[in-house]
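Numbered according to the numbering used here, the sequence shown spans residues 1 to 115.
Any given hint could be a false lead.
So the derived label-pair ranges between C-beta atoms look like this [as the list claims (entries may be wrong)]:
1) Gly-95 / Arg-68: 36 to 42 Å
2) Gly-105 / Ala-14: 53 to 59 Å
3) Pro-11 / Ile-94: 34 to 40 Å
4) Arg-68 / Arg-25: 18 to 24 Å
5) Arg-31 / Asp-88: 47 to 53 Å
6) Arg-36 / Ile-85: 53 to 59 Å
7) Ala-14 / Leu-98: 44 to 50 Å
8) Gly-40 / Gln-17: 33 to 39 Å
9) Glu-41 / Gln-17: 30 to 36 Å
Keep in mind that the hints were calculated from the coordinates and are not lab data. Glycine included, every Cβ here is placed at the ideal spot set by N, Cα and C.
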Amino acid sequence: MAIDHSHGDRPKDALLQAAREQFERTRRQLRDVLARIEAGEAAAVAQLETARQQLSKSLTNAIQEESRFEEFCKAERGAVHGHAIDFDAARAEIGRRLARLRDSGGGGGVSGRPE
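Hey, can you work out the whole structure from these sequences and the hints?
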């Protein structure tokens, strides 16, 4: 099953963007609560811990989504265990090995019959 990338947005892109937007909204809410506290609004003090917890959760979520997105991108590029597969180098190595086999084989080829 193929994933349609024609719109330029992958599902992981959307999840990462949503996590970042959630983090930014939560940051703005925390700044608003702090501004209200600085303005002397006593009721805002009670909201401070809730806002801090939400910011912490949003940050954790954004970090996790960025990590998942990076893994998704590596998998899409063909990375295995953090290293991308270099198909050109692999092709060249196979060519070298085949050439050595040809050079050492005497040119008889494979007959399919026992010798």
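Consistency of the hints with the structure:
For the pair Gly-95 and Arg-68, the beta carbons lie near 37 Å from each other, so the given range of 36 to 42 Å is met. With their beta carbons about 55 Å apart, Gly-105 and Ala-14 fall inside the hinted range of 53 to 59 Å. At roughly 35 Å, the beta carbons of Pro-11 and Ile-94 sit within the given window of 34 to 40 Å. Separation of Arg-68 from Arg-25 is about 20 Å and conforms to the stated range, judged on CB atoms against 18 to 24 Å.
At about 50 Å, the CB distance of Arg-31 to Asp-88 agrees with the hint of 47 to 53 Å. As the Cβ distance of Arg-36 to Ile-85 is approximately 54 Å, the hint placing it in 53 to 59 Å holds. In this structure, Ala-14 and Leu-98 meet the distance hint of 44 to 50 Å, their C-beta atoms being roughly 45 Å apart. Evaluation of the 33 to 39 Å hint for Gly-40 and Gln-17 yields a pass: the beta carbon distance comes to about 37 Å.
For the pair Glu-41 and Gln-17, the beta carbons lie near 33 Å from each other, so the given range of 30 to 36 Å is met.
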